[in-house]
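Protein chains: 2
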Amino acid sequence: MTKVIDFQTDPSKYRHWRVEYDGPVANLYMDVDENGGLFDGYQLKLNSYDLGVDIELADVVQRMRFEHPEVKVVVMQSAKDKVFCAGANIRMLGGAEHSHKVNFCKFTNETRNTFEAALADSGQNYIAAVKGACAGGGYELALACNHIMLTDDSTSSVALPEVPLLAVLPGTGGLTRVTDKRKVRRDRADIFCSIEEGVKGKRAVEWRLVDESIPNSKFDETVQERAREFAAASAKADVAEGISLGPLNRTINEDGSVVYSLVEVAVDRDAGKATITLHGPEEAAPANMEDFTAQGDQAYLLRLARELDDAILHLRLNEKKLGLLVFRTQGDPEKFNEHENLILSNGDHWLANEVAQYWKRILKRIDVTSRSMVALVEHGSCFTGILAELLFAVDRSYMMEDEFEGDNRPLATVSLTDANFGPFPMANDLTRLQTRFLGEPDAVAQAEGRKGEALEADAADDLGLVTMILDDIDWDDEVRIFMEERASFSPDAMTGMEANLRFAGPETMETRIFGRLTAWQNWIFIRPNAVGKDGALQRYGSGVRGDYNMERV
Amino acid sequence: MTKVIDFQTDPSKYRHWRVEYDGPVANLYMDVDENGGLFDGYQLKLNSYDLGVDIELADVVQRMRFEHPEVKVVVMQSAKDKVFCAGANIRMLGGAEHSHKVNFCKFTNETRNTFEAALADSGQNYIAAVKGACAGGGYELALACNHIMLTDDSTSSVALPEVPLLAVLPGTGGLTRVTDKRKVRRDRADIFCSIEEGVKGKRAVEWRLVDESIPNSKFDETVQERAREFAAASAKADVAEGISLGPLNRTINEDGSVVYSLVEVAVDRDAGKATITLHGPEEAAPANMEDFTAQGDQAYLLRLARELDDAILHLRLNEKKLGLLVFRTQGDPEKFNEHENLILSNGDHWLANEVAQYWKRILKRIDVTSRSMVALVEHGSCFTGILAELLFAVDRSYMMEDEFEGDNRPLATVSLTDANFGPFPMANDLTRLQTRFLGEPDAVAQAEGRKGEALEADAADDLGLVTMILDDIDWDDEVRIFMEERASFSPDAMTGMEANLRFAGPETMETRIFGRLTAWQNWIFIRPNAVGKDGALQRYGSGVRGDYNMERV
Numbered sequence: 001m002t003k004v005i006d007f008q009t010d011p012s013k014y015r016h017w018r019v020e021y022d023g024p025v026a027n028l029y030m031d032v033d034e035n036g037g038l039f040d041g042y043q044l045k046l047n048s049y050d051l052g053v054d055i056e057l058a059d060v061v062q063r064m065r066f067e068h069p070e071v072k073v074v075v076m077q078s079a080k081d082k083v084f085c086a087g088a089n090i091r092m093l094g095g096a097e098h099s100h101k102v103n104f105c106k107f108t109n110e111t112r113n114t115f116e117a118a119l120a121d122s123g124q125n126y127i128a129a130v131k132g133a134c135a136g137g138g139y140e141l142a143l144a145c146n147h148i149m150l151t152d153d154s155t156s157s158v159a160l161p162e163v164p165l166l167a168v169l170p171g172t173g174g175l176t177r178v179t180d181k182r183k184v185r186r187d188r189a190d191i192f193c194s195i196e197e198g199v200k201g202k203r204a205v206e207w208r209l210v211d212e213s214i215p216n217s218k219f220d221e222t223v224q225e226r227a228r229e230f231a232a233a234s235a236k237a238d239v240a241e242g243i244s245l246g247p248l249n250r251t252i253n254e255d256g257s258v259v260y261s262l263v264e265v266a267v268d269r270d271a272g273k274a275t276i277t278l279h280g281p282e283e284a285a286p287a288n289m290e291d292f293t294a295q296g297d298q299a300y301l302l303r304l305a306r307e308l309d310d311a312i313l314h315l316r317l318n319e320k321k322l323g324l325l326v327f328r329t330q331g332d333p334e335k336f337n338e339h340e341n342l343i344l345s346n347g348d349h350w351l352a353n354e355v356a357q358y359w360k361r362i363l364k365r366i367d368v369t370s371r372s373m374v375a376l377v378e379h380g381s382c383f384t385g386i387l388a389e390l391l392f393a394v395d396r397s398y399m400m401e402d403e404f405e406g407d408n409r410p411l412a413t414v415s416l417t418d419a420n421f422g423p424f425p426m427a428n429d430l431t432r433l434q435t436r437f438l439g440e441p442d443a444v445a446q447a448e449g450r451k452g453e454a455l456e457a458d459a460a461d462d463l464g465l466v467t468m469i470l471d472d473i474d475w476d477d478e479v480r481i482f483m484e485e486r487a488s489f490s491p492d493a494m495t496g497m498e499a500n501l502r503f504a505g506p507e508t509m510e511t512r513i514f515g516r517l518t519a520w521q522n523w524i525f526i527r528p529n530a531v532g533k534d535g536a537l538q539r540y541g542s543g544v545r546g547d548y549n550m551e552r553v
Numbered sequence: 001m002t003k004v005i006d007f008q009t010d011p012s013k014y015r016h017w018r019v020e021y022d023g024p025v026a027n028l029y030m031d032v033d034e035n036g037g038l039f040d041g042y043q044l045k046l047n048s049y050d051l052g053v054d055i056e057l058a059d060v061v062q063r064m065r066f067e068h069p070e071v072k073v074v075v076m077q078s079a080k081d082k083v084f085c086a087g088a089n090i091r092m093l094g095g096a097e098h099s100h101k102v103n104f105c106k107f108t109n110e111t112r113n114t115f116e117a118a119l120a121d122s123g124q125n126y127i128a129a130v131k132g133a134c135a136g137g138g139y140e141l142a143l144a145c146n147h148i149m150l151t152d153d154s155t156s157s158v159a160l161p162e163v164p165l166l167a168v169l170p171g172t173g174g175l176t177r178v179t180d181k182r183k184v185r186r187d188r189a190d191i192f193c194s195i196e197e198g199v200k201g202k203r204a205v206e207w208r209l210v211d212e213s214i215p216n217s218k219f220d221e222t223v224q225e226r227a228r229e230f231a232a233a234s235a236k237a238d239v240a241e242g243i244s245l246g247p248l249n250r251t252i253n254e255d256g257s258v259v260y261s262l263v264e265v266a267v268d269r270d271a272g273k274a275t276i277t278l279h280g281p282e283e284a285a286p287a288n289m290e291d292f293t294a295q296g297d298q299a300y301l302l303r304l305a306r307e308l309d310d311a312i313l314h315l316r317l318n319e320k321k322l323g324l325l326v327f328r329t330q331g332d333p334e335k336f337n338e339h340e341n342l343i344l345s346n347g348d349h350w351l352a353n354e355v356a357q358y359w360k361r362i363l364k365r366i367d368v369t370s371r372s373m374v375a376l377v378e379h380g381s382c383f384t385g386i387l388a389e390l391l392f393a394v395d396r397s398y399m400m401e402d403e404f405e406g407d408n409r410p411l412a413t414v415s416l417t418d419a420n421f422g423p424f425p426m427a428n429d430l431t432r433l434q435t436r437f438l439g440e441p442d443a444v445a446q447a448e449g450r451k452g453e454a455l456e457a458d459a460a461d462d463l464g465l466v467t468m469i470l471d472d473i474d475w476d477d478e479v480r481i482f483m484e485e486r487a488s489f490s491p492d493a494m495t496g497m498e499a500n501l502r503f504a505g506p507e508t509m510e511t512r513i514f515g516r517l518t519a520w521q522n523w524i525f526i527r528p529n530a531v532g533k534d535g536a537l538q539r540y541g542s543g544v545r546g547d548y549n550m551e552r553v
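Heads up: the protein sequence lines correspond to chains D and F, in order. FYI, in our numbering the residues of the first sequence are 1 to 553. FYI, in our numbering the residues of the second sequence are 1 to 553.
Worth double-checking, as some hints may not be accurate.
Remember, identical chains collapse to one label, so a pair may be satisfied in a single copy or spanning two.
To be verified - Derived lysine to any residue pairs resembling SDA-like cross-links, with alpha carbons at most 25 Å apart:
| hint | residue 1 | residue 2 |
| --- | --- | --- |
| 1 | Lys321 | Pro423 |
| 2 | Lys533 | Asp31 |
| 3 | Lys80 | Asn146 |
| 4 | Lys202 | Asp442 |
| 5 | Lys3 | Ala237 |
| 6 | Lys533 | Asn249 |
| 7 | Lys533 | His98 |
| 8 | Lys364 | Ala58 |
| 9 | Lys183 | Glu34 |
| 10 | Lys202 | Val444 |
| 11 | Lys218 | Val267 |
| 12 | Lys183 | Glu551 |
| 13 | Lys183 | Gly464 |
Hints were generated in silico from the structure; no laboratory data involved.
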């Protein structure tokens, strides 16, 4: 699996999904093209999915927010007879490398989370209308919707047969949403997750696995009725027209570097690192949201967001040996603040809200990115507001102190804005500064008191906003040593360490999915009982059960 | 590693620990006998530990609660020069099977948790007095104490060098306690966990890694002063005398079965299951706590607790292929209630409190036991109060309904008591019934309304207290099919599934240690970068770094 995976797509290229817009209701049809797999060696039968199917789905959800703000309810359904969705494709999983499996699951998890975020942040409510078999990842797709309707016929059921059939977990949020979102009684959950055939009809409702079971003859009609009801009851403001998201301006070079309009990714394969430089705005901020809307996908903050998001995903899936991501910024912090301020001070404007919520998702994506991350606060940089959040998302930050010989860029500063005190919570529902200062909550208030100031190295260090400040004499050596050291560590130990250190404090369903559930799934994904040559994933479809080592750990 | 590991010990047998009692202060010395390893093939140099060392430590903590209730402060320290504790023995880890490593870590985690429980539940406060190197598991031992004092000399430091040295995590609670208990800023935690040499002196205090840094010349004196201060400030009531914990009445038979005075463990190797039968009391309850105290370790509820605890630990470490634990009880529920009531209604009596808190620990140990667990509520059983908690701890329960032919035992009932509504929370700080009914909180109140009733099958089922009720016609087949089915599943998938389903709702430091941290450690423990022949654990001490696959997952 060495081809470059492209996360950019648009409806003209979809092979697996189709949307029909009907005023405030969007009917989203899953209709996977069996022969449209991202890689060779498997067919996507029965609406099973691979990363390619999920990339399209993520695009659908994203465009729903920006291009179709009139939509209040999304009805997820199958365009195929007798099957809603059979889950992740087993042959693909069986053939994929461990690192691909894990990164595939992470992206699908992030996409499932966007269904819930769409309701919470933007009032777009996802309904799953389940007709036919809905198994494994298929039911996990439904679980991520906020209302599950199941047709009551002889063949339709919901199921999580991963454990008995495949010896792996329902790892795309399945186990966590069963216990934490659907709040299924644990002994029932135990039964449900142990039976291949799943649960249907009244029992599925009684066990809280679905919200409604509806006679087949009335199903389609009831679904549309429910969709209209939800739309009518929605508090989402009416918006007549969205903006369109055009293709990114992006060049992927031979040497692995990627150049966008505002983001550059430089690659150093020997050192195992990628340096991501974000450029501040050249142009003045739009005067108001009307001007911003007119700029559409070319508006600075939206363009920057889309490019950064793509860069992160590209590095995750296509550059797995680059274990260190270095974040740099260059630009005018005050100008950046003007752009940011327009968005943050217009929270009641649908597009300002969408842009802010998109940044929230990107920052969360960075939080769960399994690479060591460092920010370099250099002279000429613009780590302010949203961009300062990067300092609190990364594992460490180094900041230039005082003048550097031959460097006439403006002295490095960090500034805090409203962006750092609320609108961009982590998955644990705390802000990054609250998480950072869990042991010294006063430090958050102290930092807030200095909002708006361009803080030079000493001040930033005193406030605990950066890890280390270094002058001209030490900078090169210290930064180099850190990077070399980091590159010498086991990437597995780094992954485990970072996954534990980054999320102090409270847990939420989201952190549990990326923590507890994902970690167990990763463990199982490397155990011979699942992935060995006689393991369940390899033997699936052969009629012979996996040959298990029965020892418990 | 096939010898039987015995969790029973007593001070006369200790090879690694020594306690000096000094009124309300106990000085606990770690002095590991290099040649006292549980298995061959490694020496326990520099106060490094293996499971045998930890079994003694668990015994120390347990006896401190029951035999030395006069103790208010425990000072954990090293009896060796220049080293506090070097952590888990690396050669032992390098040579151990995956299943031993994982179970070893679970037990050491449970033991660390008992330090914190001793303060919370019993007012016994653990201080770590750190002189010399305190690395890895050594610092994790200190982290589990509530106050860490570090001597300020040229060689003493605290460190978590697992990641750089061994490519594994500080998995015995280390990462979690650094973020959640000590609340260390995450970029500092990142540095701290990446450097082999650790942190000392003022910086260790400033970074919240220790509570005090004290000049070496004043160290011993200050430690004892602090211990006396803490003892004087303690709210723990004065108790003159404890009870002594004698050896268990236990026979381990050739066929694997284990017989105690109140607990029997029957083993069926072909079916991969162990059946644990708990017997109700024969004798009437002691009239009051004086009588209970006079009975000492022979008092019914304490004897039952000790035997059950030992049985669980025995099965975990010595019978890893028995993937299913079946819990049965037989006895008079009313008589059991009398014993329980004496304990629960005398919460201000130190021994009643200790017995109840011990049951809390055992029930938590069952919750995190990585085996499928089922309870069979048969005729003649006594699932009431504390024993009814087993029904909510296991993955499923089956209950006999109506009379069974040829069975003249009293009809199966379940009864709830105060025990089920508060005193025995799970690690998530909810009761097992609250966790069970997360989706239907009213069901808890409904169940509480029926407290004291002997609920037959129909009523227990209506209240949601059992998974399934079965009459004479279905019982044998249904139970057999469940057990056969369970035995056919991958034990890894079961482990992951159960770890996710058992802990719905909120998380605590404790659930995070057994969930997020442990799961990542288990994953790393099977990755070639750590355990492969060129991995870090195997190469440790050779001077050559592990040969890592640098791909990130």
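Verification of the hints:
1. Taking the shortest Cα distances, Lys321 and Pro423 never come within 25 Å of each other, neither inside one copy (33 Å) nor across copies (50 Å).
2. In the homo-oligomer, the alpha carbons of Lys533 and Asp31 never lie at most 25 Å apart, since the shortest distance is 32 Å inside one protomer and 46 Å across protomers.
3. Taking CA atoms no more than 25 Å apart as the test, Lys80 paired with Asn146 passes inside one copy only; the shortest distance there is 22 Å, against 60 Å between copies.
4. Taking identical chains as interchangeable, the C-alpha atoms of Lys202 and Asp442 lie at most 25 Å apart only when they sit on different chains, with a minimum of 21 Å there against 52 Å within one chain.
5. For the homomeric pair Lys3 and Ala237, neither the shortest alpha-carbon distance inside one copy (43 Å) nor that between copies (70 Å) is at most 25 Å.
6. Taking the shortest Cα distances, Lys533 and Asn249 never come within 25 Å of each other, neither inside one copy (44 Å) nor across copies (46 Å).
7. With identical chains, the CA atoms of Lys533 and His98 are at most 25 Å apart both within one copy (14 Å) and between copies (19 Å).
8. For the homomeric pair Lys364 and Ala58, the shortest alpha-carbon distance inside one copy (15 Å) is at most 25 Å, but the shortest distance between copies (41 Å) is not.
9. For a Cα distance limit of 25 Å, the shortest separation of Lys183 from Glu34 qualifies neither inside one copy, at 35 Å, nor across copies, at 50 Å.
10. Proximity of Lys202 to Val444 under the C-alpha cut-off of 25 Å is restricted to the inter-copy arrangement: shortest distance 23 Å between copies versus 51 Å within a copy.
11. Proximity of Lys218 to Val267 under the C-alpha cut-off of 25 Å is found in neither arrangement, the shortest distances being 57 Å within a copy and 53 Å between copies.
12. For the identical chains of this complex, Lys183 and Glu551 are neighbours neither inside a copy (31 Å) nor across copies (37 Å), given an alpha-carbon limit of 25 Å.
13. In this assembly of identical chains, Lys183 and Gly464 lie within 25 Å of each other by CA distance solely across copies; the values are 14 Å between and 40 Å within a copy.
Hints 1, 2, 5, 6, 9, 11 and 12 from the earlier list are contradicted by this structure; the remaining hints agree with it.
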